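A.B. asks: Given chain A's structure and the hints, the job is docking chain B onto it.
Number of protein chains: 2
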Amino acid sequence: MTELRRHYFLDEYCIIAPKRGKRPSDFQMEKAKTGDEAACPFCPGNEEMTPPPDAVYTMQGVLSEGPSRISGWELRVFPNVFAAMVPCPAPASTEWMALPGQGFHEVIVDSPRHRENPADFSQGHMERLIMVYRDRYVHYSENDLVKYVSIFKNWGKEAGASLSHSHSQLVTLPILPPLIKRELDAISRALRCPFCNIVEQEKKSCRLIDENENWILIAPFYSQAPYETWILPKRHFANLGEMHESEGKSLAALLMQALGSLRSVLNDPPYNCMIFQLPFGYHLNIRIQPAISKIAGFERSTGVYINSIAPEYAAAKLSALAEKMI
Amino acid sequence: MTELRRHYFLDEYCIIAPKRGKRPSDFQMEKAKTGDEAACPFCPGNEEMTPPPDAVYTMQGVLSEGPSRISGWELRVFPNVFAAMVPCPAPASTEWMALPGQGFHEVIVDSPRHRENPADFSQGHMERLIMVYRDRYVHYSENDLVKYVSIFKNWGKEAGASLSHSHSQLVTLPILPPLIKRELDAISRALRCPFCNIVEQEKKSCRLIDENENWILIAPFYSQAPYETWILPKRHFANLGEMHESEGKSLAALLMQALGSLRSVLNDPPYNCMIFQLPFGYHLNIRIQPAISKIAGFERSTGVYINSIAPEYAAAKLSALAEKMI
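Residue numbers (numbering that gives the first Met the number 0), protein chains in the order written: chain A, 0 to 325; chain B, 0 to 325.
The set of hints was computed from the structure by calculation and includes no laboratory data. Every value quoted in this text rests on a predicted model; they were computed, and no experiment measured them. Any given hint could be a false lead.
Stated by the list, open to error - In silico lysine to aspartate or glutamate, DMTMM-like type, Cα no more than 25 Å apart, as pairs:
1. A:21 - B:10
2. A:18 - B:53
3. A:233 - A:126
4. B:32 - A:25
5. A:18 - B:10
6. B:21 - A:35
7. A:146 - B:53
8. B:146 - A:10
9. B:180 - A:10
10. A:233 - A:184
11. B:18 - A:47
12. B:32 - B:119
13. A:21 - B:53
14. A:32 - B:25
15. B:316 - B:2
16. A:21 - B:35
17. B:202 - B:10
18. B:180 - A:2
19. A:180 - B:2
20. B:21 - A:53
21. B:180 - A:184
22. A:180 - B:184
Bound conformation, chain A alone (with noise of 0.2 Å):
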């Protein structure tokens, strides 16, 4: 038997089906090579490959605007050669088919050593991640030309990066996009912030993961893909710069455990992995998808998403694991 399951406050829903995983295949594919660290623009040593930094972070702290030659880096964040948004002056007219594709690009390159998996970042390094992220969030979301901004990780090739050192990326919008203005409508008609229903509700589910004094790691109920996982604050805030301190702290240890898990149960996965903030009226939230099943033809005609895992199973899957690392 499969399940149609609505997602908790939009009209969206997935179909899980947990036999389809056991569909046999005859393509035989090898896991995909990856080159060394002479050739790769993201490397130490490698620096004039790039554009110069926006901005660079060593073990002491944040250099910003310094020159593009600097050792020792720990993380490290310039425009995207082959940006999806570039800089431009704004367009006049609010009536468009086609607009410039204004706005920014980064990225962002979260580790220096270049076969790093995410997974194996210290404690340390993912809290310095993750206040990346915060002031480049802060940085773009304060310029009065964006609506919007997008930071992302496409982790494996399977998942959409091109290059094999792990990075991140910005792009920021001129638009809100479709799946945050359906959330923000969904929220506006609501007596209470869903997300915070989520929160309450998933607590007690066995659907929970793990959680701390700050974070909760779920496998949601709508789950677009197998052992899709978020990652939500108890407390209701809408962005990284609202965060505090200690927050930001259990945020890191929670995302190692998500990352550290998912590495486990699916021998180091392909993933997308989203931080979903508006700058008020919504609730932060962080998503990650592996990309270890296809998006085909029924999901990209009607956006009902087929699952062969159901996510009951994953959170066991992967709770049990987190019990071991502990």
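C.D. replies: Below, chain B alone, put in the same frame as chain A:
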């Protein structure tokens, strides 16, 4: 410069970013190898490996509910063993978070020849396939429990096919899927069918790839995927059941053109081919999206698609090919 484009009539957006197609990758992967006829459940001689058929089509026509082992078949339809939706009693409640996955999921083996590429189907075979799509659509759309019938074809592993032998699928849903609901909402607010507008507008545009008496083939202004194409009937009708016989024949011809030029330009790319139709109040259309770029963190968290190929460029490439093929 990149461009942010709005959908013809929805609050949906894509970003046309040609330079992004040039970004380097350090991932190397081989093309998938595929298995042979002996173990293929879709091959003639292996009919016992699948459930009994719902319909079998020979050169002479349909042989419904016949014995499972018919030789000389051209198309074969049977229930998907790994179904997303399965027949079961309809639920009583209208207020729900989860429902049994009540419905039907069929496999349409669309060629008896293991390695035949759909771009190599004969005109007659493609006409037959379209008639099978029509028959199965009409069959299920008359079922009171069925609110939507999704027919699609995933070609190639990257497009989500698990078996390489050419096949299509049909999945019914007891709900209107969100993508279709949003289209219907917009259609109900419009003064005139937005798809009729698209036909009128794109027939005169540089995004027209080809047309015949009854259909146009375009690279849509709002394209989620590189080399995405849409096929639209010039006459306003809602589904394949309302199609005239001559329209079926000319659809087969234009679909062959679309698949043939895609194969030539992109060297047999994986793709999703999807039929959008409803019992009434809609304008049938078919969309083909090559699966040659990843849906990554940005797309998944915003619903905005970054496309490295401008539809105008795609149309020029595909139509140049189309001219040569005549």
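A.B. asks: Hints first: check each against the structure and report whether it holds.
C.D. replies: Going down the list of hints, with the structure as the test:
1. A:21 - B:10: Roughly 37 Å between the alpha carbons, so the hint for residue 21 of chain A and residue 10 of chain B is violated.
2. A:18 - B:53: Given that 25 Å is the threshold and the Cα spacing comes to 21 Å, the pair holds.
3. A:233 - A:126: holds, 19 Å
4. B:32 - A:25: Holds: residue 32 of chain B and residue 25 of chain A sit about 8 Å apart, inside 25 Å.
5. A:18 - B:10: Distance ~36 Å between residue 18 of chain A and residue 10 of chain B Cα, so the pair is violated.
6. B:21 - A:35: holds, 20 Å
7. A:146 - B:53: violated, 52 Å
8. B:146 - A:10: Holds. Residue 146 of chain B to residue 10 of chain A sits at ~15 Å (cutoff 25 Å).
9. B:180 - A:10: Measuring from Cα to Cα gives roughly 9 Å; hence the hint holds.
10. A:233 - A:184: holds, 22 Å
11. B:18 - A:47: holds, 20 Å
12. B:32 - B:119: Holds, because 20 Å separates the two Cα atoms, which is no more than 25 Å.
13. A:21 - B:53: Roughly 23 Å separates the two Cα atoms, so the pair holds.
14. A:32 - B:25: Within the cut-off at roughly 8 Å; holds.
15. B:316 - B:2: Between residue 316 of chain B and residue 2 of chain B the Cα gap is close to 20 Å, so the pair holds against 25 Å.
16. A:21 - B:35: holds, 20 Å
17. B:202 - B:10: holds, 23 Å
18. B:180 - A:2: holds, 20 Å
19. A:180 - B:2: holds, 20 Å
20. B:21 - A:53: Holds, at about 23 Å.
21. B:180 - A:184: Distance of about 16 Å is within 25 Å: holds.
22. A:180 - B:184: holds, 16 Å
Consistency with the previously given hints fails for numbers 1, 5 and 7, ordered from lowest to highest.
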